[in-house]
Amino acid sequence: MASAQPGVHALKLQPPSVSHTLRTGSNFIKWDEDLSTVTPVTLCVDPHGFYLYWTDQNKETELLELTLIKDVRTGRNTKTPKEAKLRELLDVGNLVGRLENRMVTVVTALDLVNINQLNFIATQEDEAKLWCEALFSLSSNLLSHNLSRDQSLLKILMTLGL
Numbered sequence: 001m002a003s004a005q006p007g008v009h010a011l012k013l014q015p016p017s018v019s020h021t022l023r024t025g026s027n028f029i030k031w032d033e034d035l036s037t038v039t040p041v042t043l044c045v046d047p048h049g050f051y052l053y054w055t056d057q058n059k060e061t062e063l064l065e066l067t068l069i070k071d072v073r074t075g076r077n078t079k080t081p082k083e084a085k086l087r088e089l090l091d092v093g094n095l096v097g098r099l100e101n102r103m104v105t106v107v108t109a110l111d112l113v114n115i116n117q118l119n120f121i122a123t124q125e126d127e128a129k130l131w132c133e134a135l136f137s138l139s140s141n142l143l144s145h146n147l148s149r150d151q152s153l154l155k156i157l158m159t160l161g162l
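The opening position of the sequence shown corresponds to residue 1 in our numbering, with each subsequent residue numbered one higher.
Treat each hint with caution, since some may be false.
For lysine-lysine, the following BS3-like pairs were computed, each having C-alpha atoms within a straight-line distance of at most 27 angstroms [stated by the list, open to error]: (1) 12 / 155; (2) 70 / 155; (3) 155 / 30; (4) 30 / 12; (5) 30 / 129; (6) 12 / 59.
These are calculated hints, taken from the structure and not from any lab test.
The structure displayed is predicted, hence computed values, not measured ones.
Let the hints inform the model, and build the full structure from the sequences given.
Rendered as C-alpha cells:
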C-alpha cells in the first residue's frame, strides 16, 4: 500500500460534445397515443448539449432539458402504438426498416413516480440507433448535471435563444 499513488483512480470528466448530425437535426415523426396525433418534426440538440428541441412544420419549437432524460430506448423496448389506425399512419411505405427498430422513446422524469415518454420515429434504423446512443450519452454526462456558474449562464442564454 505504500507504493499506491494518490489520484490514480481519478475520474477523467469530459464536457459533452454534440456531433454535427445532432446539431443540424434529423427528420422524425412525433406521435402521441393519448391524442392519436402524428406530427413530422425536425429533432435537434443545441451546440452545447443543454437541450433537445424539435420544430414542427408550423415552426413551433418545444424544448426538453437533456438532464431530465432518464432513458432513451430503441428496438423492442420502445412504446409501440396500440391503436391500429395510429400504427397505419406511422408505418409509411417509404421508410426503411421495421417499425420497432425505427422508434426512439425518450423517457423523462422529475422524480421516480411521474414518468413521461416522448415517442419519435426515424426514417431509418441506423439513424434511430445513432440518436438513441448519442442522447443517452449526453443526458448521462456528469458535467451536464453539475454546471459551473458560467455554464449555467450560458444555459439560460441558450434557453432564450431557442
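### Violated hints, by number in ascending order, as checked against the structure
Violated hints (numbers, rising): 4 and 6; every other hint is consistent with the structure.
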